[in-house]
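Engineer: What follows is the residue order along each chain.
Protein chains: 4
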Amino acid sequence: MVRVKLVGAGGYGGIGLVELLHRHAEAKLVALVDVQGVGQPLSEMWPYLQGYCDMTIVAPDSKEATTTPADVTFFATPDGAGQAAAPAEIAAGRRVIDYSGDFRFNSTDLYAEYARRINRDPVHQAPELLKQSVYGLTELHRSEIKQARVVGNPGCFAVSCICGLAPAVAHRLIDLTGIVCDCKTGVSGAGKKPAPGFHYPERYDNASAYRLTGHQHVMEIERALSDLAGRTVSVTFTPQVIPMVRGILSTLYGRLAQGATQERVIEAYRETYRGEAFIKVKAATEPVGTSDVRGSNRAIITIACDERTGTFRAISHIDNLVKGQAGSALQNMNVMFGLPETLGLEQPPAHP
Amino acid sequence: MVRVKLVGAGGYGGIGLVELLHRHAEAKLVALVDVQGVGQPLSEMWPYLQGYCDMTIVAPDSKEATTTPADVTFFATPDGAGQAAAPAEIAAGRRVIDYSGDFRFNSTDLYAEYARRINRDPVHQAPELLKQSVYGLTELHRSEIKQARVVGNPGCFAVSCICGLAPAVAHRLIDLTGIVCDCKTGVSGAGKKPAPGFHYPERYDNASAYRLTGHQHVMEIERALSDLAGRTVSVTFTPQVIPMVRGILSTLYGRLAQGATQERVIEAYRETYRGEAFIKVKAATEPVGTSDVRGSNRAIITIACDERTGTFRAISHIDNLVKGQAGSALQNMNVMFGLPETLGLEQPPAHP
Amino acid sequence: MVRVKLVGAGGYGGIGLVELLHRHAEAKLVALVDVQGVGQPLSEMWPYLQGYCDMTIVAPDSKEATTTPADVTFFATPDGAGQAAAPAEIAAGRRVIDYSGDFRFNSTDLYAEYARRINRDPVHQAPELLKQSVYGLTELHRSEIKQARVVGNPGCFAVSCICGLAPAVAHRLIDLTGIVCDCKTGVSGAGKKPAPGFHYPERYDNASAYRLTGHQHVMEIERALSDLAGRTVSVTFTPQVIPMVRGILSTLYGRLAQGATQERVIEAYRETYRGEAFIKVKAATEPVGTSDVRGSNRAIITIACDERTGTFRAISHIDNLVKGQAGSALQNMNVMFGLPETLGLEQPPAHP
Amino acid sequence: MVRVKLVGAGGYGGIGLVELLHRHAEAKLVALVDVQGVGQPLSEMWPYLQGYCDMTIVAPDSKEATTTPADVTFFATPDGAGQAAAPAEIAAGRRVIDYSGDFRFNSTDLYAEYARRINRDPVHQAPELLKQSVYGLTELHRSEIKQARVVGNPGCFAVSCICGLAPAVAHRLIDLTGIVCDCKTGVSGAGKKPAPGFHYPERYDNASAYRLTGHQHVMEIERALSDLAGRTVSVTFTPQVIPMVRGILSTLYGRLAQGATQERVIEAYRETYRGEAFIKVKAATEPVGTSDVRGSNRAIITIACDERTGTFRAISHIDNLVKGQAGSALQNMNVMFGLPETLGLEQPPAHP
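Protein chains in written order, with the numbering used here: chain A, 10 to 361; chain B, 10 to 361; chain C, 10 to 361; chain D, 10 to 361.
Watch out, some of these pointers could steer you wrong.
Claimed, not checked - Partial list, computed: chain A residues near chain C (C-beta under 10 Å): (1) Tyr21; (2) Gly195; (3) Val196; (4) Gly200; (5) Lys202; (6) Phe207; (7) Arg212; (8) Met253; (9) Glu272; (10) Gly347.
As the list claims (entries may be wrong) - Straight-line alpha carbon distances no greater than 30 Å define the calculated DSS-like cross-link-like pairs of lysine-lysine that follow: (11) C:Lys202 with C:Lys37; (12) B:Lys72 with B:Lys37; (13) C:Lys72 with C:Lys202; (14) A:Lys202 with C:Lys201; (15) D:Lys37 with C:Lys37; (16) D:Lys72 with D:Lys202; (17) C:Lys140 with C:Lys155; (18) B:Lys37 with A:Lys37; (19) D:Lys201 with B:Lys201; (20) D:Lys202 with B:Lys202; (21) C:Lys202 with A:Lys202; (22) D:Lys201 with D:Lys72; (23) B:Lys37 with B:Lys202; (24) C:Lys72 with A:Lys201; (25) D:Lys72 with B:Lys202; (26) D:Lys72 with B:Lys201; (27) A:Lys201 with C:Lys140.
No lab work stands behind these hints, which were simulated from the structure alone.
For glycine and all other residues, C-beta sits at the position ideal for the given N, C-alpha and C.
Isolated chain A (complex conformation):
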């Protein structure tokens, strides 16, 4: 039984993990940590959890948080929290899975560049751990994740884009320049904190692009694709919010390489993802919507190249809160502890 400490329990990323662990036969929550709601049951902050998870929230520096024996600590926290606290977790013998950008780049230089983009201190607070950390896109880094002490869980946009582009880049089915990621996310991706742009009356019949002059996720995508290509890959990334709650629909474009056809592309994707429990590849003729992955850890990638214009096109569908966040993190935990990768993640979504 894997004992789980969860830091940042009260955010969407935290409660998403609580939900998944509820059905996980080989893991159990032993500590819920947050800076809000300390001393209350999690189910007071989130009444829908009453009877499902009534464990009390403890403060990060409380005795319960620091001394409860645990095997793994999830940081479902914003940038900065994980890197400050991870060394103590490691010292206490706990492995770490961090949701933020703190451990997505196992290089202080890359981290510094990332930190500057998001207006944070470029000096990482745990550089030694950073170097040992593994990027947690399970399908690409499974064997390293297995051994990792610290996993930097990928961002939700990055999951959708990297899964949707990796085979094309790895097999050079597309040119490495001119790649476009047109991404539409549901509102839950912005977290639980109210803001004018997510106020129901302002968002309900409204689609908009944002951060058009730079977005932190592009760096993560470029880094993963560059690793696969063996050379620097740049992409154009357009984040857009649409009036839905769960789901990311990423439409990915590139120029088909010489000789690449819809048929060859789809074969390469099927081959790459053969055996993957959570990635399905579909042809352009099969109807798919984000509701087909809603609530599940599944990614569906539709291959729909436009041979007439020589354009590669893949459409990647995920649930931003599951495969894009808590589900992916749990998948990593399963890998790290030698459990079946699908444990706790087998449930189909509730439809409609």
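Since chain A is already given, all that's left is putting chains B, C and D on it; use the hints.
Structural biologist: Below, chains B, C and D alone, put in the same frame as chain A:
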């Protein structure tokens, strides 16, 4: 292991049961029956189920449908289908749980009255079974359900209203005249069939009352309350559709009986539902929304009497597709087969 | 040409009036006042207004705000602002229309009671004006509004309930005890300020009742009905938020008086509202939804008594931001200045 | 006063024009034609129009439809209807504006290619009129529209893409190969007819791409861009439906030509659209959402080139039912009849 045959697999009521059974440790689907999609996997009709339920749909009169050994048959079908087919199921040794109004009234007279209201033939096709049938509101009829061969699962509005009114009526905390059920339902209650009133552009920012001159559900509510009261009880029932998908919010009004106070009412509710796994009673000061029960088999009843005006008020929150339909049906199956009542129904909802 | 000064320009109530005045041939905005966005064009705060209303917002105590000649000042402001500032407006020769509760009760005692309910200072700051003020439900107080110097515009819930109950109360078609107002509002009724309960992910598939232990609107409704009845009338009021943006659906219940029938009730309503431009009366058999009034100043009242149970039932549909707020205020302005009552309010809604 | 005959009055395109004409000072409806609802007032089919437009619907071949004097006939009808009926309209002295693809290509060859794509008879029924017809994107063809007897109103996707790409193509700021149109539409674009994909429960939290193997709109876009470029231009077009009702968000990509920068691109756009009443150009730093154009005839084009990757990017926002359909058609009518181009189109949207 309870072997389940599901008739009407492709509707919302059918796939709802498929989802729940996926996590049920002591029951398994052995036959999926429908008149649409015959010969296809259920997951072709509903791609979100790919990999979760790829069993092939068979026709009602097919050999597979009629001869596959099963312990229980669920009729997730419209009025009329269950009563026509139930005798053969019983003859084949299967117990029956029917979602429609076919077996909600174990009297041919009451059935005839109900059938007239919905413009159907008032002559029941299986009068002998009808007489043996049990009304499947588990919390009120648990011991009979345990023995039942045929259970008439309650309607979604009825579940919310009866659970919300039963203690008040049984303990005479309210007058038996003047009861009002003001019910708001999500659109999924109307099923999967497209219609102008449920077309996305027509429904998205639109609330409306309907069938104001008569609704079949009122009879079911009145019957249950009359049984509890030991005399005829009439209620005024207002069905309303609001732009949400899952959930019923029923606001229930009556006149407080002499001596009945908010405090006494809430005590009576807590006492009545003590030990019930799926019914929670809350005071007016605790915030509740339908999203607190969304995806779960839970009913939350908020007691909020207005002593100033002498008015009883209870607000009943359920997920119309779970406690209002498939979840309630599964709860009944658990009772019928001596299983823990919560099996397959323990999962918290995905939030948000 | 009526010159309009608008205080509280940047809230939903303010921009709603700006939109309506844009199409009003006999009135024009001369000053936009707010405490936020001072010095900016209103269209910087609300880009959708660019080219439609680029007037600069001025501070309440600025020279522009205080000295610009105007005929009427609208206070689209929260409780408290209007009563503090109204005397100066009156002194400057401007008539006043206030959206808040500040001038809805032309008695210091009633105001004090109201203020206590909303946790405000019970001492009104402009008691002399209060006494002269007129309650702005146009259809009930047209002749006084015509002469009024200060109009207290009604609350959105109150508009829907009073319009829906007035003829029944005035003609004693219902008992004066046991009246229930079951009200569902769209989220815009809460204004533009983000809050957890109106955060898109928390609200999108969620209906909930709130403030069950007291709500300021009930007092306004009771006061209007008591005036009509000539004796004290109490009502039970249940405010509920549903996942829509514009619209209120109020379902109103009472006990039919001796001899009152659906037919007589509907006749009385038609008679009462004959000649009213903005109130339509419909029978239970005619389908109506809030989208039928969305964007318009119309109220549709469906009469659907349940003679079987002796219950009066009326369903009142309005757009909370038009007939429930800015439209109603503009209607009052038209009356006050002797203009055709429908000026600026003739536009059908955009559908869908 | 321009007398308007409207064929296809009962669809979203028809009622959209009815709404706009209601506020148009120089045009009036003289005949409402449809094949559904004949003999009823339009307001019986659409109760929200009661009191606004109670004119009776007449059949296409009725005496009223054929003989009522009119100056212009709008065909708010599907492909095929306009070309069959237009000759008689022209013979009767009426000018024609058609919403469908019937008159978007003034060449029988191009039409035949288009018709094949949508599985229709490639032989146009009014080839003579076709040759005289003008493509109704006002901003590009104003002077020809002025003289036109038949105008083929553009498709909604085409409006958004062509307005967003025209200056870049005309001024060769982008390469003419590799252009991508990633388009997201609200559900109203599919019309009023219910279908499974637009059923509220199936669409509410669901984004999906469709017709990935070919879509009629691409041809219209390519034709317009080719005309501007003076050579054949091909584009990759991805239509996507998102859970909103009104609005199109088209994100347009290309490769920046040698020397083209964000600054130069934005200048070229501002220069091109200087003086246009309905097109606004914005920089990447200015927040825009489709709600900023909702209900209005405005197109907002955000220029957000990614110089780092050498990528041109423009984001085009329109209301698919106004600038994308009825508003654009009315704008053309104004041009054809020498009226101010903005007549009937000056109203800001209702917000929120």
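Engineer: Confirm or reject each hint.
Structural biologist: Hint check:
| no. | hint | in the structure |
| --- | --- | --- |
| 1 | Tyr21 | 8 Å, holds |
| 2 | Gly195 | 8 Å, holds |
| 3 | Val196 | 4 Å, holds |
| 4 | Gly200 | 9 Å, holds |
| 5 | Lys202 | 8 Å, holds |
| 6 | Phe207 | 5 Å, holds |
| 7 | Arg212 | 5 Å, holds |
| 8 | Met253 | 8 Å, holds |
| 9 | Glu272 | 40 Å, violated |
| 10 | Gly347 | 35 Å, violated |
| 11 | C:Lys202 with C:Lys37 | 27 Å, holds |
| 12 | B:Lys72 with B:Lys37 | 19 Å, holds |
| 13 | C:Lys72 with C:Lys202 | 28 Å, holds |
| 14 | A:Lys202 with C:Lys201 | 15 Å, holds |
| 15 | D:Lys37 with C:Lys37 | 27 Å, holds |
| 16 | D:Lys72 with D:Lys202 | 28 Å, holds |
| 17 | C:Lys140 with C:Lys155 | 16 Å, holds |
| 18 | B:Lys37 with A:Lys37 | 27 Å, holds |
| 19 | D:Lys201 with B:Lys201 | 17 Å, holds |
| 20 | D:Lys202 with B:Lys202 | 13 Å, holds |
| 21 | C:Lys202 with A:Lys202 | 13 Å, holds |
| 22 | D:Lys201 with D:Lys72 | 28 Å, holds |
| 23 | B:Lys37 with B:Lys202 | 27 Å, holds |
| 24 | C:Lys72 with A:Lys201 | 42 Å, violated |
| 25 | D:Lys72 with B:Lys202 | 39 Å, violated |
| 26 | D:Lys72 with B:Lys201 | 42 Å, violated |
| 27 | A:Lys201 with C:Lys140 | 46 Å, violated |
Of the numbered hints given earlier, the model fails hints 9, 10, 24, 25, 26, 27; all others are met.
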